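Spelled out, the chains give:
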Amino acid sequence: MSTFDNPFDPDRNLRAGCVCGQHQSAAEHEQATAMRCAPVESEEKRYEGVVASAVMRAMFPQDVARRAFLKSVGASTALAALSQFFPIQAATEVFAQAGAPEKKDLKVGFIPITCATPIIMAAPMGFYSKHGLNVEVVKTAGWAVIRDKTINKEYDAAHMLAPMPIAISLGLGANAIPFAVPAIENINGQGIVLATKHKDKRDPKDWKGLKFAIPFDYSMHNYLLRYYLAEHGLDPDTDVQLRSVPPPEMVANLRADNIDGFLAPDNICQRAIYDGVGFMHLLSKEIWDGHPCCSFAASREFITTAPNSFAALTRAIVDATAYASKAENRKQIAEAIAPANYINAPVTVLEQVLTGTYADGLGGVKTDAKRVDFDPFPWQSFAVWMLTQMKRWGQIKGDVDYKAVAEQVYLATDTKKLMTEMGLSPPASAYKSFAVMGKTFDPAKPEDYVASFKIRKAS
Amino acid sequence: MTASSLRLRAGLVSIVLLAAFLGIWHLATRSAAPVATMSPEYAKLMGLTATQGKSAMPGPLDVGAKLWEHLKRPFYDNGPNDKGLGIQLAYSIARVGTGYLLAVLVAIPLGFLIGMSPLLSKALDPFIQVLKPISPLAWMPLALYTIKDSSISAIFVIFICSIWPMLLNTVFGVASVRKEWINVARTLEVGTIRRAFTVILPAAAPTILTGMRISIGIAWLVIVAAEMLVGGTGIGYFVWNEWNNLSITNVIIAILLIGIVGMLLDQILARFTRMVTFPE
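Residue numbers (UniProt numbering), protein chains in the order written: chain A, 1 to 459; chain B, 1 to 280.
Careful, some of the hints might be misleading.
As the list claims (entries may be wrong) - Using C-beta positions, here's what the derived DEER-type ranges look like:
id: 1; chain 1: A; residue 1: Ala369; chain 2: B; residue 2: Phe21; range: 23 to 33 Å
id: 2; chain 1: B; residue 1: Ile255; chain 2: A; residue 2: Asn175; range: 10 to 20 Å
id: 3; chain 1: B; residue 1: Ala56; chain 2: A; residue 2: Val365; range: 16 to 26 Å
id: 4; chain 1: B; residue 1: Pro40; chain 2: A; residue 2: Ala444; range: 49 to 59 Å
id: 5; chain 1: A; residue 1: Arg243; chain 2: B; residue 2: Ala20; range: 37 to 47 Å
id: 6; chain 1: B; residue 1: Thr277; chain 2: A; residue 2: Asn175; range: 31 to 41 Å
If you are wondering where the hints come from, they were derived from the structure by calculation, not from laboratory data. Predicted model only: the values in this text are computed from it and were never measured. By construction, the Cβ of each residue, glycine as well, lies at the ideal position given by its N, Cα and C atoms.
With the hints as extra help, turn the sequences into a complete structure.
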């Protein structure tokens, strides 16, 4: 479920209070709806709404009085009257700007894949400048390089695989440096692609001895592929070969027959299909619908030395993510991020990924609007799940304080506050249960979850 | 047989070889592979390789057309990740120049000192021999980790890879200056410093410059690898970026340009070498 799903959906019971998150109760929401809670078209309108309702509440601390006032004069008159003696316009501007950023010129690293869509599109589509920042998005050669450059402070923040900030914070594969994730980039949007010559080997049980590429050891791709293989009875450490290959190099390797398949971001999958070298075996959505993939990450040091820049950056990313989550914007985004300066791929390929109408490589055209989706909320239960998989596959040895690590790295509380301020509706809790290939994960019992898997690395 | 007629015939053979190469290339990439039938709706979503059986390898005409496009606007700047070929080459040359000059500044004085002392040259030889064959890519993670700056790391890698041939050649050149010349200088009671500059330096210059010529070649080899890794700017980044897009056409163009610039750099050093060479 996405944070940007229809906020007026009555089945969506994620928090106490009203559906838009601005009011104490549903009744109060109804009352104020006439004034502001209708789906807002633009950013300013939304901020204006937040400010106006705050002013209303300040002026009429008692609900009954406010309701009576609104009923008697009508919402639009109330708003007009209010503007007479309170400069809502000016207040909104001040509110939208929040604290002035300590550092305006920022560098953000990214890997050219569709997972980075919000980070990339925020530059050409002006989301960074809207929040008072001058951000240069820099294309980077691989995950290890993006990690090193972010640790070196060449980048202020970066696009990272969702498990990477956890791994860096724990000191796995690098010195332990506290990193934090204010926003998830995308959910879903990956796929398993096999070389065309394997088109009759659709059952994973026949995959013994094949070579697969994954983007990085600390990636959702690694954990999802391992999970998928293990559920089909293959031990990913002994029955197949898993290789770390930077996503952009995967298609070239598949064509050269160096690998038999890969679990990779959708634009890489689609490119393999576009060039006729592979076919889509499975969307990652079919393994776990709504899984996180990439994240937006920064070091704790950056967050403490430049908190306003960091908040503005997060706001820009959340904003861009909200824009990207709407299906009607996807075509425009595909065109914005396709040039050589950004992803550098044919527009057709990116369009197929973002709109969800795609060629499967076997002669069919499929449609799945949720093939990739965008949702910034950093669920801490995601982090707990990743930790269970790190433990399962022997990346973490010994005991793990799942909850503490998740809460330290995934900044659900801060993001929630920020999203509320922006007039969005974040979920009330940072933990949710979900199912991976039909098996339910309970974030409260991570140890039991790890123990429940038959195939795992003996520790 | 005069020299000019030989040159003429060699040029003719070169042109014939080039034409033959382009011809074979054209023929080899022209043929279309058989294509599976597909619905028009599906075909619209697919690339040319899949729909028309177009070879994944571009032909010489594709490359020529693309090259012309690049040459028409070599200095465009579409943001930090997409710049014209001229700008990319300038970045690479600047990096190579910086790293190489630093290497020259260290290698030649150091080589001079080592060459003048047989003891030092023997003692340091094993270290130099071990450090010399290390690939630039092996240095890169270490440099990134310790220097903590990718552009300085790239320059450091050029420096560390291009220093050894110069150092070795300087040591060798200085050590093998004819004993008679040094003895003559000594008989004339020439001071050490004056001896180094007026006798040893001119005598060792051709060998030193040969070392410098080998080094510039290595530096140019290294820059492409280093830029592919650290990214951002430069011709190596361009190759990597176009490889991501599987644009073999642009990769071939970059290869061609890398070759031409490398040749020019080599020719410049060759000219210097000729200037200091003396007949014995």
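Numbered hints the structure breaks, given as an ascending list: Hints 1, 2 and 6 not satisfied by this model.
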